[in-house]
Amino acid sequence: MSSITLRDIRKSYANGPRVLHGVDLDIGDGEFVVIVGPSGCGKSTLLRLIAGLERCEDGEIIIDGRRANALAPQDRNIAMIFQNYALYPHMSVLENIAFGLELRKVPRKTREARAREVAETLQLTPYLDRKPGALSGGQRQRVAMGRAMARDTSTFLMDEPLSNLDNALRNAMRTEIKTIHQQLGATIVFVTHDQTEALSLADRIAVMKDGHLQQFDTPAAIYDHPVNRFVASFLGTPKMNFVTSDTITGWTGRRGVELGLRPDTLRLHREKPGAASIEARLTLTEMTGSEVVLHCQTQSGVMSAIAHRGQELPAPGDRIWLEYDAAAAHLFDMQTGARV
Amino acid sequence: MSSITLRDIRKSYANGPRVLHGVDLDIGDGEFVVIVGPSGCGKSTLLRLIAGLERCEDGEIIIDGRRANALAPQDRNIAMIFQNYALYPHMSVLENIAFGLELRKVPRKTREARAREVAETLQLTPYLDRKPGALSGGQRQRVAMGRAMARDTSTFLMDEPLSNLDNALRNAMRTEIKTIHQQLGATIVFVTHDQTEALSLADRIAVMKDGHLQQFDTPAAIYDHPVNRFVASFLGTPKMNFVTSDTITGWTGRRGVELGLRPDTLRLHREKPGAASIEARLTLTEMTGSEVVLHCQTQSGVMSAIAHRGQELPAPGDRIWLEYDAAAAHLFDMQTGARV
Amino acid sequence: AEVTVEFWHSFGGSSGDALAEIIANFEEANPGITIEAEHVGNYNDIVARLQAAIPAGRGPDAVIMEVTRYGLFADRGVLMDLTDYLEADPLKDELFDFAREVGVYEGKNYIVPFNSSTPVTYVNKDIFERAGLPEDTPLTTYDEILAAAQKIQGALGDEGIYGIAAPGQFARWGLIMDNDSDLIDSVSGEVLIDAPNTVEAYEWMASLVHEHGVASADNVTDEKTGRDAFFAGKVGIMLNSTGNYRQSKASLGDDLIVRPLPCNKVCAAPIGGAGIGILSTADAEVQDAAYEFISFAASAESNAIWFAGTGYMPINRNTADQPLAAETLENEPGIRVSIEQLDVARGRPRPPVVTWMRATEYDMWQAMALGQRDVEDTLADFAKRTRVEAGRVGQ
Amino acid sequence: MTRETSARALWLINGLTLLAAVIFLSPVLYSIWMSFQTSDAYYSGGVDFTLRNYDVAVGQYNFARYLLNSVIVSGIVTLLGISFATMAAFAFARFEFRGGNLMFGAVVATLMIPSHITLIPNYLTLARAGMLDSYAGLILPAISSGFAAFFLRQYIRGIPRALDEAAYMDGATPLKVLWRVIVPISKPAIFSMALQLFIAEWNNYIWPLVAISESDLFTLQIGLARLYRVNPGEDVIDWPLVMAASTITILPVLLGFVLVERHLVRGITMGAVK
Amino acid sequence: MLRKLTPYLFVLPLLGFMAVFTYYPILQSVNLSFREWDFMSPTKPWVGLDNYRLLLTTRDFWNSLKVTAVFALISVPLRLALALAVASFLIRETAVSRISRGAIFLPAVTSTVSIAVVFSWVFSTDYGAINGFIALLGFDKVPWMQDPHLALYVIIFVNTWKQLGYDVIIYTAGLQAISMEYYDAAAVDGGRRFHVFRRVTFPLVMPTTYFLLVISVIDAFQVFTIVDVMTRGGPAGATDMIVNMLYRVGFTLFDIGTGSALAVLLFIFLIALALVKARVIGRRVHYDS
Ligand SMILES: Nc1ncnc2c1ncn2[C@@H]1O[C@H](COP(=O)(O)OP(=O)(O)OP(=O)(O)O)[C@@H](O)[C@H]1O
Ligand SMILES: Nc1ncnc2c1ncn2[C@@H]1O[C@H](COP(=O)(O)OP(=O)(O)OP(=O)(O)O)[C@@H](O)[C@H]1O
Ligand SMILES: [Mg+2]
Ligand SMILES: [Mg+2]
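Residue numbers (this note's numbering), protein chains in the order written: chain P, 1 to 340; chain A, 1 to 340; chain U, 1 to 395; chain H, 1 to 274; chain X, 1 to 289.
Please note: incorrect hints may appear among the correct ones.
Calculated cross-link-like contacts (lysine-lysine; reagent style DSSO-like; alpha-carbon spacing at most 27 Å) [claimed, not checked]:
#  : chain 1 : residue 1 : chain 2 : residue 2
1  : P       : Lys239    : P       : Lys178
2  : A       : Lys239    : P       : Lys239
3  : H       : Lys187    : A       : Lys105
4  : H       : Lys176    : A       : Lys109
5  : X       : Lys4      : H       : Lys176
6  : U       : Lys125    : U       : Lys224
7  : P       : Lys209    : P       : Lys178
8  : P       : Lys109    : P       : Lys131
9  : U       : Lys249    : U       : Lys151
10 : U       : Lys125    : U       : Lys151
11 : X       : Lys4      : A       : Lys105
12 : H       : Lys176    : A       : Lys131
13 : H       : Lys176    : A       : Lys105
14 : U       : Lys265    : U       : Lys384
15 : P       : Lys209    : P       : Lys239
16 : U       : Lys224    : U       : Lys249
17 : A       : Lys178    : P       : Lys239
18 : X       : Lys66     : U       : Lys384
19 : X       : Lys141    : U       : Lys151
20 : A       : Lys178    : A       : Lys209
21 : P       : Lys131    : P       : Lys105
22 : A       : Lys131    : H       : Lys187
23 : U       : Lys265    : U       : Lys151
24 : X       : Lys141    : U       : Lys224
25 : A       : Lys239    : A       : Lys178
26 : H       : Lys187    : H       : Lys176
27 : A       : Lys131    : A       : Lys109
28 : P       : Lys178    : A       : Lys239
Here are the simulated distance ranges between beta carbons [claimed, not checked]:
#  : chain 1 : residue 1 : chain 2 : residue 2 : range
29 : U       : Glu135    : X       : Pro42     : 55 to 61 Å
30 : H       : Leu19     : P       : Thr121    : 53 to 59 Å
31 : P       : Asn15     : H       : Leu19     : 25 to 31 Å
32 : A       : Ala221    : P       : Gly301    : 29 to 35 Å
33 : P       : Ser12     : A       : Asp64     : 54 to 60 Å
34 : P       : Ser12     : X       : Arg192    : 25 to 31 Å
35 : H       : Thr50     : P       : Ser12     : 55 to 61 Å
36 : P       : Glu117    : X       : Arg192    : 24 to 30 Å
37 : P       : Thr121    : A       : Asp64     : 51 to 57 Å
38 : P       : His269    : A       : Ala220    : 20 to 26 Å
39 : U       : Lys384    : H       : Ser26     : 43 to 49 Å
Derived from the structure by calculation, the hints contain no laboratory data. Keep in mind it's a predicted model, so treat the numbers as computed, not measured. Backbone N, C-alpha and C define an ideal beta-carbon position, used for all residues, glycine too.
My request is simple: use the sequences and hints to build the entire structure.
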């Protein structure tokens, strides 16, 4: 049983400006919540507040229904995985994993048995006697995970645990975390600034910017109905294209708005099509496997589109038309950026 | 003018096993070559050999038509960007960028002007007076780039320059590097273990494994005609699925081979289709934006497929069929892994 | 011709000033000679400097050497024999007997005394009065001294006042001589450390500290503390060098009384201080000049300046006639005591082993005075080792 | 770690800490206090303030000159010592060369040598070279510090090699790499070693005693020792004067420390930027 | 080829000076240790191992070896433990911490002679500040420097007091270099203060400890001035450190041969110690993060 509720959390560091400006968050038991946002937006701070490593000057932190503002980290029974793992370099993998239990005075036998068990599920058994220095990045990551899992808790905070891994490992670990979440039924708060990670892992995503919570919803909802331009642009690769309605010749819809067009919704034409479209000049193509990303210059700025490799592709410099579906476009207020 | 030719390069470190086993590589003037391969395969070693930071015990390094084996790094006129940037922590951004010119006795005025110019293109002007310690990862990366660009050279070696960046920055920097390459007409040798990077950047890709060069060809050729199972599996996200021909019911083609099926070529069916297909049980879905990655369990092991979000998707646990095009499958020898 | 004499000495402070004055007078009187004087440090520092300098041939031309420790240097031919100079010098007859004797090693003269001192008995009159002791309480025998010390201790011990300061090495030697013995026989060179009278003397001295508790153990491990305590009015009796007279006077004023050393069995006192020797490596011309200076420094005029300016004793019979010295004697009755004592003063033995013996004696004394080792055993052992060592360095 | 301590407790802790510091320092403070007493007051236990001791130390004993000498000698020893040590440390840390390990071992071995062993041979050497009684004679034997070389080598090994390599790629020679890259990054370590060299030389006693006879070349320690090391049993020590001289020897070093403390503490183990 | 020569050029100044001013004197010492010499005689007769034999049979030698060993065994751990404790306490960069660190550092730069003199008074039995305080509390005076069992501890105390500041500075730097993340991780995992110190701080600051260990052991074998001033090796040899004996034998007794032999033995002993230490501790302290 572990739910976390944040009420109007405000936080500034000593002699610093305010970092969090009243954040509200309701995290249910067993939920996988991912916090995303650009660097410096306050993600780690939020996590550290939940962990008890920082204190907030305002607002309430409620863990399992009890106000936890004054609880020391030791007393919150939360496990945390740090951005750089914070593995103890002088302890073996086994000791690292068992250390949390050692600190809680679990007898040696019991804690080692538990650590071995955890190591087994993480396929770390062959490395139990090694020091972290002798592990690869992915192995270290798993040790960090193991350290959290060994703890007898069902609340996990993870601060960009995958950010130091290469792509392949990152994908593998993602699957692993998801599996663990389902197996343990744990509540997980996961910080990342990688949107692919966020989308693929989260039950709900909290998008932050400059210490403000922008949107807190399911991945699909956030991807399909971003509440503002920032959220829209933050999620999705390649990034959503934004076009001011006024620059589109033949635009008939609402005026004074920005259209958000996801690259994969654009269709490429060598000739001006009948449907609504934007004229562009191809500047660069980027192959990414089965698809090709087209970078184009248009009247409304740089836009990107996606084409399949099967297609016959234009060459850089060619004039093309990008057909879009005005109904599927996201519309944002030019001034406020809010969805209209 | 800068071409680089490697002839039968062999290299071992002191008291270590052989790291490179006779590598041949012909890099033309102005070409963008990306070296990929798993960790420890010798990518960095190869780069360092070209740079002159290591000496090979066998083979020839020819730069601009001249044998360069015995030249000191200072004398090769090559710029290099290091994996961790290797920015001088005690120098400001401006000094870092100008340092190469300073060492070559360029007068202060000239070199600062040049450094400012480079900083401008990299949008580093606001940070010129900062020390690297006060920069974000992406900014550091650009400084490292600037340091190389300021140098009056047209050969650049880059050792995983993007590996420490978050996704968004990585994408941005990718475009930037590509643009620079085109503007300067520079010869670039770029090491990465990220295949997306390799595909989108390279004129030609060199795929390495365990100190052997596997394939050296254009991205399209490598993606579409990998010479072996290793190359095939290394490029493409999600990874290519491999299925042993013998486990496929109704397989009519050549026997004793493995089929390589790229996830995006598989089509999803709720009912067994008429065409060739593999029966599977959906275990996990991962949303990645406009697409969904489906992880399935089949008779031939775990496979992944891609579906669009628009589609109505099965739920985990559902039985599905993955239709494939036998003609488009890559076939590899079961023993040697070579393409057949 | 111009001659420069390089001269190492050990005097700073007011002594240094007096020496400088003598040198200036000398140079004025001898225009061709320059004395390049250098204050090296204490006697030990001079030895360390010499030790490094001699093999390098960089020694000075003249050097101050402590009176018990020049023997080795004489023995090894580092110091030149000054007998002929002295024989030809009227100074010879002006010097007190003790002063002449001090510079003789194995029948030859190696140094000419410059600064001499001898231990005397210092008494704090105020403490005596408060303890109910008359000013002229007899302090001639060991028993009398102990009795006085005990009286003081009994009366004023609660105030942190001690009866007596534990004797320093110089005074110990004097007390042994007063008991009609010595550490090494000055004539025969025989080791007397375990002689019955020596043992008796040590037993008495040690008992002051560990048996009777009339002297502070601090003084045993650090001789300075006894002196500082006396200056501070915390000690009734102190046996110490005349060199402490000025500070004692300054600290205690009229409460200071100076008495001769005790005469337990005989009256005797050791001569301390140092003399100036000439290095045999110096050029003949320089040696001549150096001797000129030595002679000048020991003359009545110079000695008067020295005597008046420092706490050291006159070495020249005519010194007292000098106006400056006469005036000092007039004003400082305490000094007269020590001068009168010179009649019984004599030099101490100075064979090479003395250096070793003196260095080791501290340790032995500590062990005995602090009651850690039996006196007789200690001295027997000490004597044995000294004999061995004498055999080693004597060859 | 208590993450929050009440303001009052903090005051209390700070107060107690400072009190402890004062008690810790009391012997030094007492000696400074004493240096302002007349010697009569000192012996009689009274209080009588005077600046005479400083006057005497500086006037009669030329302590100003000794101070200058000490600063010059310790300064040059530190400068040369740290330079040579840094150069050697760089070579030991970054180059593989024949005999390198052996030489490093030989350097480390010198850490254990008491200075008394080298005294006489060094005196002979310098006498032969005619360098006694000169600044050179004071400086030369003191400038090879095995310890600094050892420590700096360990430190430099912790600096990513990629920084050197980047500089080589930028066209630097080894000397340039050392001077423009390694030295600036090693500043805290170099500072702490320099401080140690400086202190050691500042307190050096036996060598200057032996090597210098020219009183114009005396260092502070020799000057101080001449006040303190008087002939036992014969001369009386003027303690307040000694303490005044001793205070003079402390002050400049203390001043120097205050200036560099930040650098020292800011991380003798500070690494380079990733 | 200049490239090959480079490292040699870099080590040349250091090794050149060492050769002249350190190695050559050591060779000299080794040579002299087989001879008899009083530094004045023109001849230095060869006496073989006599000097060593003499040394090994004197009580003084074994005594000073023992004294030095006891000194090292007590003072080294004491210095390190105290310094670590103080550095941990003053770890934060507040004004009070900085002032206190500065205060603690002051003795390190103060002339050893004046420190020794001041402490001679402080520990004086009858006139000393400490006994004054003890007497005030109504206890008996303690004969600090007269009791052979106490004198060495007094020397250890004074030496520790003098050296502590340097150790604290180095430890402070070492502690500050430990990433806060480890403490955060331990806090979340439920660590109580002491446990975390023992299991996290202490091991992580081990490289610094090792460094200080090397320094303080070297120091312990070279302590001279404090002993020379405060006790001159007494009482009854209780504080007679090896270097004090070396000074006595070589510089006041003029026995250069025996003095050199003593120096050579000390040197061999220290090198052996260093090797053992490197073996035992060296491999345990290096982590790559
Ligand atoms: N200890 C601190 N003292 C002062 N300011 C801090 C401290 N830690 C963080 N900040 C500031 O607070 C803001 C939020 O920091 P935080 O670490 O929460 O960002 P983040 O979202 O985790 O960023 P990143 O993605 O780079 O990790 C930043 O502006 C940062 O500079
Ligand atoms: N200095 C060295 N001494 C000994 N072995 C080394 C050294 N540098 C690298 N190696 C070894 O050489 C092999 C190739 O290393 P290299 O750094 O070239 O790999 P890489 O392909 O760049 O790997 P990564 O992607 O992890 O950077 C590895 O097995 C490595 O352990
Ligand atoms: Mg963060
Ligand atoms: Mg690499």
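Run through the hints listed earlier and report the numbers of any the structure violates, in increasing order. Violated hints: none at all, because every hint is consistent with the structure.
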